[in-house]
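Could you build the full structure based on these sequences and the hints that come with them?
Protein sequences appear in the order of chains A and B. Quick note: the first sequence, position 104, residue 104 per the working numbering, numbers continuous. Quick note: the second sequence, position 36, residue 36 per the working numbering, numbers continuous.
Read the hints as simulated data drawn from the structure, not as lab findings. Be careful, since some hints might not be right.
[Said to hold, decoys possible] Label pairs and their calculated CB-CB ranges:
{"no.": "1", "chain 1": "A", "residue 1": "Val178", "chain 2": "B", "residue 2": "Glu58", "range": "39 to 47 Å"}
{"no.": "2", "chain 1": "B", "residue 1": "Ser71", "chain 2": "A", "residue 2": "Gly274", "range": "22 to 30 Å"}
{"no.": "3", "chain 1": "A", "residue 1": "Gly5", "chain 2": "B", "residue 2": "Gly63", "range": "44 to 52 Å"}
{"no.": "4", "chain 1": "A", "residue 1": "Thr281", "chain 2": "B", "residue 2": "Glu99", "range": "52 to 60 Å"}
{"no.": "5", "chain 1": "A", "residue 1": "Thr281", "chain 2": "B", "residue 2": "Gly127", "range": "41 to 49 Å"}
{"no.": "6", "chain 1": "A", "residue 1": "Val273", "chain 2": "B", "residue 2": "Glu26", "range": "20 to 28 Å"}
{"no.": "7", "chain 1": "B", "residue 1": "Glu58", "chain 2": "A", "residue 2": "Tyr167", "range": "53 to 61 Å"}
{"no.": "8", "chain 1": "A", "residue 1": "Lys197", "chain 2": "B", "residue 2": "Leu132", "range": "50 to 58 Å"}
{"no.": "9", "chain 1": "A", "residue 1": "Val282", "chain 2": "B", "residue 2": "Gly188", "range": "40 to 48 Å"}
[Said to hold, decoys possible] Taking lysine-lysine pairs in the DSBU-like style, the calculated list, with each CA pair at most 30 Å apart, reads:
{"no.": "10", "chain 1": "B", "residue 1": "Lys131", "chain 2": "A", "residue 2": "Lys197"}
{"no.": "11", "chain 1": "B", "residue 1": "Lys112", "chain 2": "A", "residue 2": "Lys197"}
{"no.": "12", "chain 1": "A", "residue 1": "Lys197", "chain 2": "B", "residue 2": "Lys183"}
{"no.": "13", "chain 1": "A", "residue 1": "Lys197", "chain 2": "B", "residue 2": "Lys68"}
{"no.": "14", "chain 1": "B", "residue 1": "Lys64", "chain 2": "B", "residue 2": "Lys110"}
{"no.": "15", "chain 1": "B", "residue 1": "Lys12", "chain 2": "A", "residue 2": "Lys197"}
{"no.": "16", "chain 1": "B", "residue 1": "Lys90", "chain 2": "A", "residue 2": "Lys197"}
Glycine residues also receive a C-beta, built at the ideal position from the N, C-alpha and C atoms.
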Amino acid sequence: MRRNGTVAFGAVSTAFIALFLFGLALLIRREIALVIEGITGNVQVAVYLSDTAAEQPDTITGLQTMLEELPAVDTATYENKEATCARAKEVFAANPTIIENVPCSAYPTSLRVTLTDTSQYEQITAALACEPDDEGKMACAEPGVLEVRDFRDVLDRLSAITTALSYGLFALAVVMLVSAVVLVANTLRMGMFARRKEISIMRLVGATNWRIRVPFLIEGGVEALFGAGLAIVALFLGKVFLVDQLAGKLVWLPLVRNSDVLAVIPWIVIAAVGVAAIAGTVGMRRFLDV
Amino acid sequence: MISLQRVSKTYKNGVVALDDVSIEIEKGEFVFLVGPSGSGKSSSLRLLLREEDPTAGEVYVAGKNLSKLSSWSGVPKLRRNLGTVFQDFKLLQDKTVFENVAFALEVIGKTKHVIDQRVPEILEYVGLGEKLNNYPDELSGGEQQRVSIARACVNRPLVLLADEPTGNLDPNTSVDIMRLLDKVNKIGTTVVMATHDQAIVDAMRKRVIELDKGKLVRDQSRGVYS
Numbered sequence: 001m002r003r004n005g006t007v008a009f010g011a012v013s014t015a016f017i018a019l020f021l022f023g024l025a026l027l028i029r030r031e032i033a034l035v036i037e038g039i040t041g042n043v044q045v046a047v048y049l050s051d052t053a054a055e056q057p058d059t060i061t062g063l064q065t066m067l068e069e070l071p072a073v074d075t076a077t078y079e080n081k082e083a084t085c086a087r088a089k090e091v092f093a094a095n096p097t098i099i100e101n102v103p104c105s106a107y108p109t110s111l112r113v114t115l116t117d118t119s120q121y122e123q124i125t126a127a128l129a130c131e132p133d134d135e136g137k138m139a140c141a142e143p144g145v146l147e148v149r150d151f152r153d154v155l156d157r158l159s160a161i162t163t164a165l166s167y168g169l170f171a172l173a174v175v176m177l178v179s180a181v182v183l184v185a186n187t188l189r190m191g192m193f194a195r196r197k198e199i200s201i202m203r204l205v206g207a208t209n210w211r212i213r214v215p216f217l218i219e220g221g222v223e224a225l226f227g228a229g230l231a232i233v234a235l236f237l238g239k240v241f242l243v244d245q246l247a248g249k250l251v252w253l254p255l256v257r258n259s260d261v262l263a264v265i266p267w268i269v270i271a272a273v274g275v276a277a278i279a280g281t282v283g284m285r286r287f288l289d290v
Numbered sequence: 001m002i003s004l005q006r007v008s009k010t011y012k013n014g015v016v017a018l019d020d021v022s023i024e025i026e027k028g029e030f031v032f033l034v035g036p037s038g039s040g041k042s043s044s045l046r047l048l049l050r051e052e053d054p055t056a057g058e059v060y061v062a063g064k065n066l067s068k069l070s071s072w073s074g075v076p077k078l079r080r081n082l083g084t085v086f087q088d089f090k091l092l093q094d095k096t097v098f099e100n101v102a103f104a105l106e107v108i109g110k111t112k113h114v115i116d117q118r119v120p121e122i123l124e125y126v127g128l129g130e131k132l133n134n135y136p137d138e139l140s141g142g143e144q145q146r147v148s149i150a151r152a153c154v155n156r157p158l159v160l161l162a163d164e165p166t167g168n169l170d171p172n173t174s175v176d177i178m179r180l181l182d183k184v185n186k187i188g189t190t191v192v193m194a195t196h197d198q199a200i201v202d203a204m205r206k207r208v209i210e211l212d213k214g215k216l217v218r219d220q221s222r223g224v225y226s
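Have a look at this one:
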């Protein structure tokens, strides 16, 4: 590496950008997942219950049975105030203001419904005798039911965004990872070319392939892992200086946490090791057949 | 020790380097391989080193069929039993005499203890006991060739393969190098030397194998160049 400073720099910086984008793609997926979770709780339909119904287990089970008997409904799960509150705390962990200002007793209780066939949503509103009110909410006549909220549209749109964004970013990351492989392989080749005399002597005196390759593999590994280290630092800096600034302003938006960034680290390291391994195989194939 | 059995080697460009050549060399022999450029001398040495595979026939070194060796462990093991010396010495310019010879042991995993014992010993043997810390460009051609012979012999090979070892040296120095190779041969190392240095071959009176256009044309004990 000492001998090919600029080439090694090119390899490290490409590895850095590639792994940064890769990590960014993972984090954006995580962020969108959090947003979806925050808005919908990952169900397609929520049936909110009145506070009086929440204290009558019979009403709840009655409604639950009624919903589950509908052909379009897959599951209908009851979520009480504590569970709703806990879920909100989890989702909005990065926004303490929300959690502090809303006591658990203020959260609604609901039956969280997943559908087998999303096009048959009307079965639910019909069964609960719901009509759109002045504000566009679905208010229901069925005793104990406050409102039905339809998340199908939100879910569809958000998952379309997730898919497009994350595929785009992953495609970019893949292109960059391929460039990183090529550039790391290139530094290995230049290193081997600079030391071709040593290598030819090593072969003549009976050094094994591994003995000859290991120093170069280590060099490639160091370059890729150096890039990975920079990528991880950059992601943390981005998290602290950009995302954490938003937390104060966009209180309703659930944000990625440090633990999410931490969770991305192993994947970045794995990708870096992969880059080094492929670069090693590609870069040394021609050079080192005994 | 060395056996070529009906060996042919044709390169991809159609050049025939060896054509149905059979040679037997016993342990402890000193053999000259002579012939004009392109007669197949260097190809023979490359086959013995398993740098190339023959197109036809079998090559045996120290009882091993070279075509059956794995490149991961068989070929390196073979080469640890073969010392090699070349016309251009192949020394590393940024290493001292000691380091050049030590390099051959380091890369096959010998310990520092073994290296510190064997390297001065072999350099003393080739007459360079005083030049351990010199760099190759501070040495004469003959001295550089002695370093490369020391490197070839430091791991105590069964066979020493020399490809034109005197090709870059003046006649007097060449004689010194031949004395050294003879000394290496006397301690039991089989020596195979490719050369077209007529004076040397005639003076040594050793077995001579002559190749011409890839064919074996003469195999004579105590022979002369032609």
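Notebook entry, point to check: Hint by hint, which ones does this structure get wrong, listed from lowest number up?
Noted result: Numbers 4, 6, 8, in rising order.
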